[in-house]
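Got chain A sorted already, so can you dock chains B, C and D onto it with the hints?
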Amino acid sequence: MKTYLPIFVVVAVLALVPFVTASNVVLNFLVVTLLIALAGQGWNLLGGYGGQYSFGHAAFFGTGAYVTAILQVQYGINAWFGLLIGIAAGALVGIVIGALSFRWGLRGSYFSLVTLAFAEVLRIVASVAPITGAGVGTLIKLDLRPEAFQFQSRAPFYWIALGLVGLSLIVVRGIENSRFGAYLVAIRENEDAARALGVDTFSVKLAAMIVSAAITAAAGCFYAQYFLFLDAAIAYGTWISIDALLAPIVGGVGTLFGPLLGALIIKMLGESTKLVTGGAPGLDLAIYGLLLIAVVGLAPRGIAGLLSALVPRRFRPPSVPEHHHG
Amino acid sequence: MAKPLLLVDGLHTGYGSTEILRGVDFHVKPSEIVTVLGANGAGKSTMSRAISGVTRPWAGTIRFKDDAIERAQPAEIVARGLIQVPEGRRIFPNMTVRENLDLGAYRRGRSRRNVNRNRVFSIFPRLSERQSQRAGTLSGGEQQMLAIGRGLMAEPELLILDEPSLGLSPLLVEELFVLIKNINAQGIAVLLIEQNVVQSLEVAQRAYILDNGRFVLEGPAAQIANDPDLKRTYLGM
Amino acid sequence: MAEMLLRIYAISKRFGGLLAVDKASFNVRPGRITALIGPNGAGKTTLFAIISGFLTPDEGRIVYDGADITGAAPHMLARRGIARTFQIVQPFAGLTVRENIAVGAHLARPNRVDALAAAGEVAYAVGLGTQLEQSAATLTVAGRKRLELARALATKPRLVLLDEVLAGLNPSEIRDMVPVIRKIADWGVTILMIEHVMQAVMTLAEQVLVLAEGRIIAEGTPQQVAADRQVIEAYLGHGAAARMISGAGHG
Amino acid sequence: MLSPVILVPALLNGLMTGAIYALIALGLTLIYGVLHIINFAHGTLLTAAMFAAFFAYALVGLDPYLAVLIIAPLFFLIGYGLQRFIIGPTAHGEDRNYLLVTLGLAIIIENLLLYVFRADTRTINLPYAFDVIEIGTAFLAVPRVIAFVAVLVVASVLWIFMQWTDTGKAIRAVAKEKLGAELAGIDVAHIHAVTFGLGTACVAIAACLLIPTYYVNPTAGDAFVLIAFTIVVLGGMGSILGALVGGLFVGVVESFSSMFLGQSLGQIGIFVMFIVMLLVRPSGLFGEQA
Numbered sequence: 000m001k002t003y004l005p006i007f008v009v010v011a012v013l014a015l016v017p018f019v020t021a022s023n024v025v026l027n028f029l030v031v032t033l034l035i036a037l038a039g040q041g042w043n044l045l046g047g048y049g050g051q052y053s054f055g056h057a058a059f060f061g062t063g064a065y066v067t068a069i070l071q072v073q074y075g076i077n078a079w080f081g082l083l084i085g086i087a088a089g090a091l092v093g094i095v096i097g098a099l100s101f102r103w104g105l106r107g108s109y110f111s112l113v114t115l116a117f118a119e120v121l122r123i124v125a126s127v128a129p130i131t132g133a134g135v136g137t138l139i140k141l142d143l144r145p146e147a148f149q150f151q152s153r154a155p156f157y158w159i160a161l162g163l164v165g166l167s168l169i170v171v172r173g174i175e176n177s178r179f180g181a182y183l184v185a186i187r188e189n190e191d192a193a194r195a196l197g198v199d200t201f202s203v204k205l206a207a208m209i210v211s212a213a214i215t216a217a218a219g220c221f222y223a224q225y226f227l228f229l230d231a232a233i234a235y236g237t238w239i240s241i242d243a244l245l246a247p248i249v250g251g252v253g254t255l256f257g258p259l260l261g262a263l264i265i266k267m268l269g270e271s272t273k274l275v276t277g278g279a280p281g282l283d284l285a286i287y288g289l290l291l292i293a294v295v296g297l298a299p300r301g302i303a304g305l306l307s308a309l310v311p312r313r314f315r316p317p318s319v320p321e322h323h324h325g
Numbered sequence: 000m001a002k003p004l005l006l007v008d009g010l011h012t013g014y015g016s017t018e019i020l021r022g023v024d025f026h027v028k029p030s031e032i033v034t035v036l037g038a039n040g041a042g043k044s045t046m047s048r049a050i051s052g053v054t055r056p057w058a059g060t061i062r063f064k065d066d067a068i069e070r071a072q073p074a075e076i077v078a079r080g081l082i083q084v085p086e087g088r089r090i091f092p093n094m095t096v097r098e099n100l101d102l103g104a105y106r107r108g109r110s111r112r113n114v115n116r117n118r119v120f121s122i123f124p125r126l127s128e129r130q131s132q133r134a135g136t137l138s139g140g141e142q143q144m145l146a147i148g149r150g151l152m153a154e155p156e157l158l159i160l161d162e163p164s165l166g167l168s169p170l171l172v173e174e175l176f177v178l179i180k181n182i183n184a185q186g187i188a189v190l191l192i193e194q195n196v197v198q199s200l201e202v203a204q205r206a207y208i209l210d211n212g213r214f215v216l217e218g219p220a221a222q223i224a225n226d227p228d229l230k231r232t233y234l235g236m
Numbered sequence: 000m001a002e003m004l005l006r007i008y009a010i011s012k013r014f015g016g017l018l019a020v021d022k023a024s025f026n027v028r029p030g031r032i033t034a035l036i037g038p039n040g041a042g043k044t045t046l047f048a049i050i051s052g053f054l055t056p057d058e059g060r061i062v063y064d065g066a067d068i069t070g071a072a073p074h075m076l077a078r079r080g081i082a083r084t085f086q087i088v089q090p091f092a093g094l095t096v097r098e099n100i101a102v103g104a105h106l107a108r109p110n111r112v113d114a115l116a117a118a119g120e121v122a123y124a125v126g127l128g129t130q131l132e133q134s135a136a137t138l139t140v141a142g143r144k145r146l147e148l149a150r151a152l153a154t155k156p157r158l159v160l161l162d163e164v165l166a167g168l169n170p171s172e173i174r175d176m177v178p179v180i181r182k183i184a185d186w187g188v189t190i191l192m193i194e195h196v197m198q199a200v201m202t203l204a205e206q207v208l209v210l211a212e213g214r215i216i217a218e219g220t221p222q223q224v225a226a227d228r229q230v231i232e233a234y235l236g237h238g239a240a241a242r243m244i245s246g247a248g249h250g
Numbered sequence: 000m001l002s003p004v005i006l007v008p009a010l011l012n013g014l015m016t017g018a019i020y021a022l023i024a025l026g027l028t029l030i031y032g033v034l035h036i037i038n039f040a041h042g043t044l045l046t047a048a049m050f051a052a053f054f055a056y057a058l059v060g061l062d063p064y065l066a067v068l069i070i071a072p073l074f075f076l077i078g079y080g081l082q083r084f085i086i087g088p089t090a091h092g093e094d095r096n097y098l099l100v101t102l103g104l105a106i107i108i109e110n111l112l113l114y115v116f117r118a119d120t121r122t123i124n125l126p127y128a129f130d131v132i133e134i135g136t137a138f139l140a141v142p143r144v145i146a147f148v149a150v151l152v153v154a155s156v157l158w159i160f161m162q163w164t165d166t167g168k169a170i171r172a173v174a175k176e177k178l179g180a181e182l183a184g185i186d187v188a189h190i191h192a193v194t195f196g197l198g199t200a201c202v203a204i205a206a207c208l209l210i211p212t213y214y215v216n217p218t219a220g221d222a223f224v225l226i227a228f229t230i231v232v233l234g235g236m237g238s239i240l241g242a243l244v245g246g247l248f249v250g251v252v253e254s255f256s257s258m259f260l261g262q263s264l265g266q267i268g269i270f271v272m273f274i275v276m277l278l279v280r281p282s283g284l285f286g287e288q289a
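Quick mapping for you: the protein sequence lines, in order, are chains A, B, C and D.
Each residue of the first sequence is one higher than the one before, counting from 0 in numbering that gives the first Met the number 0.
Each residue of the second sequence is one higher than the one before, counting from 0 in numbering that gives the first Met the number 0.
Each residue of the third sequence is one higher than the one before, counting from 0 in numbering that gives the first Met the number 0.
Each residue of the fourth sequence is one higher than the one before, counting from 0 in numbering that gives the first Met the number 0.
These are computed hints drawn from the structure, not numbers from a lab.
One thing to keep in mind: the hints can contain errors.
[As the list claims (entries may be wrong)] Just the calculated beta-carbon pair ranges, DEER-fashion:
hint: 1; chain 1: B; residue 1: GLN222; chain 2: C; residue 2: ALA226; range: 54 to 60 Å
hint: 2; chain 1: A; residue 1: LEU138; chain 2: D; residue 2: GLY92; range: 44 to 50 Å
hint: 3; chain 1: B; residue 1: ARG118; chain 2: D; residue 2: PRO72; range: 37 to 43 Å
hint: 4; chain 1: B; residue 1: GLU201; chain 2: D; residue 2: THR166; range: 39 to 45 Å
hint: 5; chain 1: A; residue 1: PRO155; chain 2: D; residue 2: PRO72; range: 57 to 63 Å
hint: 6; chain 1: B; residue 1: GLU201; chain 2: C; residue 2: GLY219; range: 31 to 37 Å
hint: 7; chain 1: B; residue 1: THR136; chain 2: C; residue 2: ALA226; range: 35 to 41 Å
hint: 8; chain 1: B; residue 1: GLN132; chain 2: D; residue 2: LEU151; range: 30 to 36 Å
[To be verified] Here are some of the chain C residues that sit facing chain A, going by a computed Cβ distance under 7 Å:
hint: 9; residue: THR69
hint: 10; residue: ALA71
hint: 11; residue: HIS74
hint: 12; residue: ALA77
hint: 13; residue: ARG78
hint: 14; residue: PHE91
hint: 15; residue: GLY103
hint: 16; residue: LEU106
hint: 17; residue: ARG111
hint: 18; residue: THR154
The beta carbon of each residue, even a glycine, is placed where N, CA and C say it ideally should be.
Okay, chain A solo, but in the shape it has when bound (with noise of 0.2 Å):
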């Protein structure tokens, strides 16, 4: 149980929030910050863990929004319920598309091109098929009762978001100590060796790629009962594979912390910009691009990565050699 410690107190500490501030700003900023966190963790699980780059979350978080909407708006089905059958389909689609690529041995920057195709089919069927209001888009119903997962005020909406957040900081530190993670990180090491050593890698990927694609649709559903308006370019936009990954890469990838750290901190960037620039549109965002670059040039463990290593390492290149012939 010790390995799971600095998680409850994390989430203890982040859930004091509400009753700290009140401010609809402050607690909606956070909002914002968990689902990035959560929807990063899923990207995390594959990307971080199994080195697997995925350019297309957005297949999973459109999906699980949608699911959720549509089953709401077009079948009156109670959101909570949503939330698990949109969860569901999400792990569907994650099935789909890990089936396809990894039963191919799809590897590296082919990997990540296929993953951003299926993303953008699905946001060109979401734009034009009736069921998801096409370009029009889809509107839940107001409806204020925590029975249909709708709330007054933002607190509640924060601590499911921080539920979700921990749960699957709870779930990824579960696989981090399992058989099943030990095999996923050794086929981002080496999969060829993985193999060889019993590791069934097309299972283990897959089985990976479902945990992940649920991860980020729970953070799709979320969002659809969060601001209740869905069109295709939101949930099945690059804006939410792009997020989904540079949080991780920000904060620390493949570590447990690194996308709630990344988000905190792209999302922070963002707001400040935002703030100096007077809401200009694009210039937070191209701030992003560049923290993104600054972060694989200088610090390719990510801000987590650049911490530890400011503490004295163990192994380390001698710059300058003990001894030397003269």
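Same frame as chain A, but now just chains B, C and D:
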């Protein structure tokens, strides 16, 4: 005594956080054949890569014709006349033999190309016959000749040959070592990095034995060749 | 004659125009050390890749422990007890030595704690006991070879394929490694090894297979093979037979 | 419905559109073939070049077909600089980093354009934009015919350059055998940057050919990127001929599928083809098997 053409002093390098070369000192004089022997993984290729500028040294100096080159780019080192024929040949498989050779003279200007090419063809008549054949379709031995020929196109003063005998049949290996002597007879210094101990010691004047990133032995090649204890201890023969 | 653990029937493998393995047939007896020798490019590593499931042969069959395993995936073969090492070592560079070995140990032990503990035991057996918590990236060549071996052993194999575990080691490191291989055989693990270091082949192997241009050209005890001077000289170069015989003398 | 009266114009129009696709894909495949990286900034560089062509006309009155003489070299330099000073140094030679750095560049360029020019859509009105040429039953817009011919010329020049010049040979050498090229004295970092510059110049030319008949806004290039990816995968990663043939083919497929399925679903046909291609034969029709 002639001034050294290549002078390596206290060279350390490696990959990532793994140190491969742990302080290497040696020199090659003009017109000399020097051989560096050692097992797989002793650091031989790392050494030749560091000299050619492909791998950055962590510490130490490399001087060629009295100029420091340890921070120079590979292309600049080639321009100075220090040419490496790498392990595994590294020819351009989808180009013709002639295009391969001409790219060897990339830094030398078009005017000298014909002269150099004819010189290479006189050493390797077989390459002349196969000028317009795609390099990837040559046999292993011919590919090795092409690799050496491409190196000669750059007008080397020092030619580093990294494991040229690798993957060649015993007969071709004999032929190769005769060639190395011929090239050297034209005044080109040769640094021969090899696992083929017997023949390398026959052609070289001096030898160094590399083990675990350090030289454990150096001296005249003949002396090392005739010392069975040394050979057993360091070369496992 | 004892039942064979591994039977290779007329395996062929072609890459484009190149016939890498040409109707190679041989058997491996259980509990023995068999060495596969031959010049560079003879097809030894290709043959290993086929036996371990990384490549599918164009022709031929592989029978292991009485079952046809031709074309089975590497992880299925690992579960049946076939482990391999790679000529070019393939450590999980970002993991510690213990975590590396644990990946192998997980094959028989689903529990993380058990696997990590078992990894420690295997590490001690191959002489990596003091470097357990070190990152695999910091190991020397000799250390990486041991790690490669340890990971394979952690899967509790019946047959291990060792692809040049001695290559890149200096004579004193080879002297340290030879007893480790001997110890593994003494545990009852069958070993098929590709090796260039003749001395080690002569000391360790009970059976030697000579592969040249994709074909098995000689087979027998080390002494029998070394005695076939013509074959050896033609394919392994001048003085090879002498080296083999002197190696045998040392062993 | 399937009479030649409809099919022939659809075919010709598809080829015209396909030519532009081919040119964009040519740049992408060149960069992929030599640097082995997928350049995610390709589409936004196209957008940027379209803005350049737009303003050359809107502000100075420079005809896009003349502006190409300035814009193409300018974007060659931009591409050279991006690879030499940003992408190369930050990626540390790792595949994954190239993906992320070019993605980062794409985000930066697109959003800077958005910041400076807002989301407005702009078009230019050339006096001859609506002139047509009659070929059989088909009426083809003059700018599209010019574009088609121009693409064929550019592709031929590029092919001759790659085949016969020293720099072209050096590019091919680096593509196949980087270490060998380095040790033959070829400055690999320079050749990489030249290649990236050439790829960027290709999109700059494409931009000048597009602007007479197309609009520009900060996301205008995006529509072309995935199509270009499709073509590159279809034609074989790194194959110039593949990009050309693939581009024309995709243009025709799009033309026919939008005729039967409608404009918006026409694109889906391309993506489905893309996914199937990636899954079944990622090395493409003209590529070498990996």
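Hint check against the structure, violated hint numbers in rising order:
Violated hints: 1, 9 and 10; rest satisfied.
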